[in-house]
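*Asks:* Protein sequences, first through last, are from chains E and H. Per my numbering, residue -10 is the first one in the first sequence, and the count goes up by one each step. Per my numbering, residue 38 is the first one in the second sequence, and the count goes up by one each step.
Hints in this document: simulated from the structure, not taken from any laboratory. One should not assume that every hint holds.
[Claimed, not checked] Not the full set, but computed from the structure, chain H residues with beta-carbon under 8 Å of chain E:
| hint | residue |
| --- | --- |
| 1 | Gly203 |
| 2 | Arg206 |
| 3 | Leu220 |
| 4 | Leu221 |
| 5 | Gly222 |
| 6 | Val223 |
| 7 | Lys317 |
Just so it is clear, the structure is predicted and the values come from calculations on it, not from any experiment. No residue lacks a Cβ here, since even glycine has one placed at the ideal position from N, Cα and C.
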Amino acid sequence: MTVLELEDVNAYYGNSHVLFDLSMRLEQNEVVTLLGRNGAGKTTTLRTITGTVPRREGRIEYLGEDISDRSVDAISKMGIKMVVEDRRVFPTLTVVENLQLARDLSADPRPVEEMFDIFPVLDDLRQNRGRNLSGGEQQMLAVARALIQDPDLLLLDEPTEGLAPVIVQDLREVLGDVVERDVTVLMTEQNVDFALDLGERAYIIDRGANVWEGSIPELRQRDDLLDEYLSVGAQEAD
Amino acid sequence: MVSLELVASQLTTGLVIGARLFLVAVGLSLIFGVMDVLNFAHGALFMVGSYTAIAVTDATGSFLLAIGAGILLVGVVGVIIEAGFIRRVYDRGHLDQLLMTFAFVLIITDAVRLIFGSDQKTMASPDLFNFSVPLGVASIPGYRAFIILMSLVVLGGIFAVLKTTGIGRLVRATSSDRDMAALLGVNVPRLYTGVFFVGAALAGFGGALSAPLTSVTTSIGDRAVINAFVIAVIGGLGSFGGAFVGAMLVGVLGAVGSIWIDGAQDVVPFLAMILVLVLKPEGLFGGLEGS
């Protein structure tokens, strides 16, 4: 079943044209990575799906329904949740309050305690305010805050950015478990190892337009693409 | 030689002034703290609360109804202003907000003048409050003690809602990051309308409660909004605890200071504001509580 379909989507920041006839399709429970250089339009694509950046032309369908002109909160309520690049946990709410808030906004949430089982590191930090958490802890909380709302489609924007290698490893394990669940994932990631490891399929975009799509095993064989659009050699990606 | 009784009497007067100042400032602080909107029409809404209380008391004789009507009517006026107009200038900065809300000061003032005329109005405090609360060598008239009590109730109520309820979490989260709140499913425009209703209703509450303590004219809103801004700046825009401390500080220092310096009550608020702006520009306690 197709969960998300973008068809010739064009989006703009003010008068600046940033997405050009972008099309993509995600099937249920797929983990799709969106790859490209900095500024290629990856984050903009996710923001356009969530309604944060309004698209002007084209069509975005979620579970067969046109969501192109829906508000950000309405799209969220339909089951699309996003973990944003800079985490943006609510700095003055405690860890528990961040989770309770997200839980209260979902029609069919998962229990707060389940999040502490998935992210044991947060268990000892329940009463700590978001602003007092480390970058890694904030990222765990940001993912937990999205998961507690039991999303059907999870958008992860650069989940490893700025994290220490040991934290990236922890996050890889947690997200590895997450993607085994009944959830479809669309992820942008600069860490190509991480992206290829978790993803099943990939889209490469450049200057706001699709340049390639295919499976991760196919991509691993395409040194030319990895060099041209991701600036890494195949040996690094293996 | 100044008698102890006089100082004590001025002290209690100062507490009452402080409580009234807080009731004016709290709604302004709420709206700014959550929505980052400087509502210059807050004083006009306060004035509408006073007139509504007087009109309802005249019509029904019920103080409770008068207070309720002041809260509700002003809250609804606030919703009309927010949903119909201010919503369109959220992203345009404080100058546009001030200009738009200033337009409402003029519109509301003229509308009230049209309905109630230019004469000053008065309202007696309810007989229920015909008692005094002894306080050492001084005493506070019952209605003034009630005002102090109400200011504490409002402060405690706001803290309780913000700290312990789901709505409070929602408000605190949205005040710190409205875009992220929307991504989690918060209908931000609806939440803002709700917050503006509460902020305006608090202005109406303050205005209705203040009606028995003053001669009500259409100009009381001007003074009220200036005081509200001064208190909010001293306390830290968006901070209710700060607004309370600031209001009490200004009320008490002004009243007690007037024993020695004539007109101190008029000078102290602005002097305090200047000192705060120079020494601690974010105010005594900056930011929305718990935010």
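*Asks:* Each hint needs a verdict: does it hold in this structure or not?
*Replies:* Checked hints:
Residue-level restraint check for H/Gly203 holds (minimum Cβ-Cβ distance to chain E is 5 Å; threshold 8 Å). With 8 Å as the threshold, the beta carbon of H/Arg206 comes within range of chain E, its nearest partner Cβ sitting at about 5 Å, so the hint holds. Taking 8 Å as the C-beta contact cut-off toward chain E, the hint placing H/Leu220 at the interface holds, the least distance being around 5 Å. For the restraint placing H/Leu221 at the interface with chain E, the shortest Cβ-Cβ distance is roughly 5 Å, inside the 8 Å limit, so the hint holds.
For H/Gly222, the interface hint holds, the least distance from its beta-carbon to any beta-carbon of chain E being 4 Å, beneath 8 Å. A distance limit of 8 Å between C-beta atoms decides the matter here; for H/Val223 the minimum to chain E is near 6 Å, and the interface restraint holds. Because the smallest distance between the Cβ of H/Lys317 and any Cβ of chain E comes to about 20 Å, over 8 Å, the interface hint for this residue is violated.
Comparing the model with each numbered hint stated earlier shows that hint 7 is the single one that does not hold.
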